[in-house]
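Q: Between the sequences and the hints, there should be enough to build the whole structure, so can you do that?
The residues making up each chain are set out below.
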Amino acid sequence: MNKLKALVLSVSVIAVVSVTLWFSKNDSISEYSKNVQAVNDSVTALPLPASEKEGGGSNAELVISDEKKLKAAKIKFLRGQYGAKIDNPYWQIKMIDQLMRLMKKEFPLSWESELIRLFHEVFPEYAEELTKKLYAHIEYIAWIDSLKNNLTFENRDDRRQALWDKRLELFGDEAYEIWEAALKQDKFDAHMQALAQSADSFNEKTEQYIVSMKEVFGENALQAGHKTQMINHFLSLENVQNDLRNMPVEERSAQLRNYRESMGLDDAALTRWDSLDHQRDLMRETGTLYMDERNRLAQTYEGDALSDKVKALQIDAFGETEAKVIYNEEQSGYYRYNAPQKFGFN
Amino acid sequence: MKINKILSALAFSSIGLLGTSTMAQAEVADETQYPVIFAHGMSGWDSIAGYHYFGEDGYGTFVGDACSFFELNGCNDWISNGQQSNNKAEAFQVTSFNNSEVRGEELYNHVLNFMATTGHSKVNFVGHSQGGMDIRKAASRLKDNFNEPRVGAMISISSPHRGTSYAKRIVDLYARNANDEFCGALPPTADGTDPCLEFVDDIANVLFDFVTGAGTANNDAIAGALQLIYDDYDANDGVVTGAKAFNQNYPSEGVAGYVGSLITAQDDNNLSPLLGLIGTAVSHNADGDGYCVDDCNGDGAAGQGDGNVYDMDDDGLVPINSQQMGYRLQYTPDDFTCAWYGCWNPLDTISQVSSTGYVADLNLPSSIQMTSHEAVLDQDHLDVVSLGPDDLDEEEFYAAIFDFIHGQGY
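As they're listed, the protein sequences go chains A and B.
Numbering follows our numbering, in which position 270 of the first sequence is assigned residue number 270; successive positions increment by one, without gaps.
In our numbering, each residue's number is its place in the second sequence (first place is 1) plus 346.
Since the hints were made in silico from the structure, they are not lab data.
Accuracy of the hints is not assured; some may be wrong.
Straight-line alpha carbon distances no greater than 25 Å define the calculated SDA-like cross-link-like pairs of lysine to any residue that follow [said to hold, decoys possible]: (1) A:Lys85 to A:Lys132; (2) A:Lys184 to A:Ala194; (3) B:Lys489 to A:Thr286; (4) B:Lys468 to A:Arg101; (5) A:Lys85 to A:Asp66; (6) A:Lys74 to B:Tyr687; (7) B:Lys489 to A:Ile315; (8) A:Lys71 to B:Phe682; (9) A:Lys205 to A:Glu238; (10) A:Lys324 to B:Gly603; (11) A:Lys342 to A:Asp274; (12) A:Lys71 to B:Pro692.
A: Encoded structure:
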């Protein structure tokens with residue numbers, strides 16, 4: 001009977017675990033997680049603090065034993081959660097951030113000392129480093145908070161410089177890893193500012209842009225996400241728009257296609273873009289004619305008569321649906337076709 | 347996600363019975379069916395791949411970037427890989443200061459670009475602050491263009507759908523003077539530059555570390571402010587402005603499969619110092635949890651107060667009676683939990699609140715929809731984006747939104 005119970009229990013457990021694995025999303029146990037698991041195996045092999053080791057324990061010590069198990073479980077969990085990346089300054093700060101939130105909830109008055117104790121229990125070899133970073137982080141947060149109370153900086157560059165000075169002061173060169181994304185953005189902004197001043201041809205600017213992207217975001221920059229953003233960013237430059245504006249229509253279409261192709265778009269995407277560009281060019285043509293006619297009407301009519309004429313013109317030019325939007329926009333003071341076309345955007 | 351949570355707990359129980367243990371795996375949000383497009387608020391920005399409006403406080407990361415095997419830094423480990431690798435998370439820069447006619451049109455065009463580039467034919471929208479109004483126009487334009495709705499879920503966060511009294515105070519104090527000039531009350535600058543632009547720029551500098559300037563050429567701070575006042579500000583200025591008219595022109599109904607909103611508010615004592623400064627600068631503290639039809643007390647926002655300005659009735663910029671669109675959503679942080687047999691770290695959750703019903707007509711919410719404090723997220727207007735420090739984990743918060751959108755079938 002006992003064997004039967006054990007068998008039933010084992011089968012149940014295996015079934016539950018199997019079902020769990022089956023239902024677990026592939027992405028939740030992704031390649032990355034597998035990597036974490038592999039590294040974690042070595043991290044969780046770290047010895048538990050002496051006080052957490054399983055003792056023999058009498059029946060009277062069952063409650064204490066459960067508390068110890070709970071603590072051991074927590075330590076094991078945190079090692080699993082953060083162990084694979086514990087030597088990375090960015091993830092150290094992220095962990096500190098997350099644990100600070102938890103500790104503040106659990107120990108509103110003594111969260112700081114409890115957190116430091118946790119560092120020693122979970123990652124004894126890193127405890128000193130983490131404690132140092134905790135204090136640096138607290139100081140940095142307080143400094144950032146204080147900035148909100150005043151208008152200290154003359155301009156954005158001053159503010160940016162002050163931010164980096166403070167980060168380097170508190171975190172040393174590790175600041176470049178902690179704020180790596182911000183650093184990349186800084187570098188990319190600098191490239192963009194230089195490109196915005198460039199008198200080179202459209203093609204030359206395109207090449208420079210792609211080189212800059214790869215330099216800042218790596219060789220795989222074009223394979224990474226945010227391709228729409230990356231395409232947009234270059235085309236948003238005023239001098240690039242001027243280049244496009246000065247081209248004949250056919251050349252502009254060809255250049256835009258080449259640019260997007262060099263940004264890694266496939267044939268299907270290029271065809272969709274051709275169609276969208278074409279639709280927008282047609283709308284712009286209609287919009288320009290509409291504005292001319294609208295201005296002519298405004299010289300002839302006024303008041304309700306003008307309103308009626310303009311409404312009729314809107315429907316005639318754009319059709320009922322689009323006319324309603326144009327009407328709404330103009331009511332709000334926005335005249336879409338007064339601004340020059342922004343190629344690749346409207 | 348929920349079934350995973352239950353099964354994970356069961357698995358841990360079972361493992362405990364066996365007397366063994368394993369690594370606890372944190373959950374990740376389920377990948378949404380359609381891409382999630384984020385829309386920033388007034389004076390916001392997107393960032394190309396670095397410092398991000400929708401990011402973890404101050405680190406330059408984007409909440410929609412998942413961690414991949416090769417990318418260990420600057421990513422959100424609550425997001426599934428597919429969300430990023432399948433181009434399903436993006437944010438676009440629209441003009442920082444302008445009305446939602448302009449910004450919504452720009453957003454619509456960005457989405458068309460996105461569709462052309464990626465091949466996606468539908469999107470979800472998540473809009474913060476004025477971004478929650480912009481997405482309504484963009485969704486409407488998409489429907490017009492394709493003759494059918496092309497938006498799955500449309501979710502606003504802290505959005506002033508029915509105006510905000512702060513905007514009216516700012517316009518009253520700064521935008522209208524004898525010469526009808528914005529910032530006309532400001533003293534001239536020593537170097538002769540436009541004091542208004544200096545003022546706006548200073549605010550932007552204080553608020554944000556990095557603003558690239560890209561896409562901000564159409565800035566019109568007056569138009570932006572007037573958008574956030576419920577009624578038409580001036581019947582004689584030749585234009586029709588305000589949230590009420592915009593709501594009539596671009597309702598939330600019929601343009602998206604699911605419509606919901608997260609509502610933020612905080613006690614005055616806990617507000618970001620910057621928001622406190624704004625309140626002080628305009629000598630105003632909103633009382634935003636009373637009911638009436640339209641802007642019955644003329645403060646610039648629909649509804650009225652309940653007589654107590656100090657409670658959680660606004661988030662420092664937007665009153666709660668302005669924020670509900672569609673269903674009200676509840677955010678529930680879910681910290682890691684331990685029992686003797688193991689620990690697990692479930693994803694935070696977003697759920698739909700039933701007691702506050704559904705706001706179908708944005709200009710006609712019910713009394714309970716304007717006054718209820720249920721499910722109001724205890725964060726200020728800026729806490730839910732990357733302008734920290736604050737106690738919100740933005741990465742997990744937005745991951746929970748991804749997961750919720752997936753749960754709605756989008």
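Q: Next, verify each hint and record whether it holds.
A: The hints, checked one at a time:
no. : hint                 : result
1   : A:Lys85 to A:Lys132  : holds (18 Å)
2   : A:Lys184 to A:Ala194 : holds (15 Å)
3   : B:Lys489 to A:Thr286 : holds (21 Å)
4   : B:Lys468 to A:Arg101 : violated (37 Å)
5   : A:Lys85 to A:Asp66   : violated (29 Å)
6   : A:Lys74 to B:Tyr687  : holds (10 Å)
7   : B:Lys489 to A:Ile315 : holds (18 Å)
8   : A:Lys71 to B:Phe682  : holds (13 Å)
9   : A:Lys205 to A:Glu238 : holds (12 Å)
10  : A:Lys324 to B:Gly603 : holds (23 Å)
11  : A:Lys342 to A:Asp274 : holds (15 Å)
12  : A:Lys71 to B:Pro692  : holds (19 Å)
Hints 4, 5, counting from the list given before, are not met by this structure.
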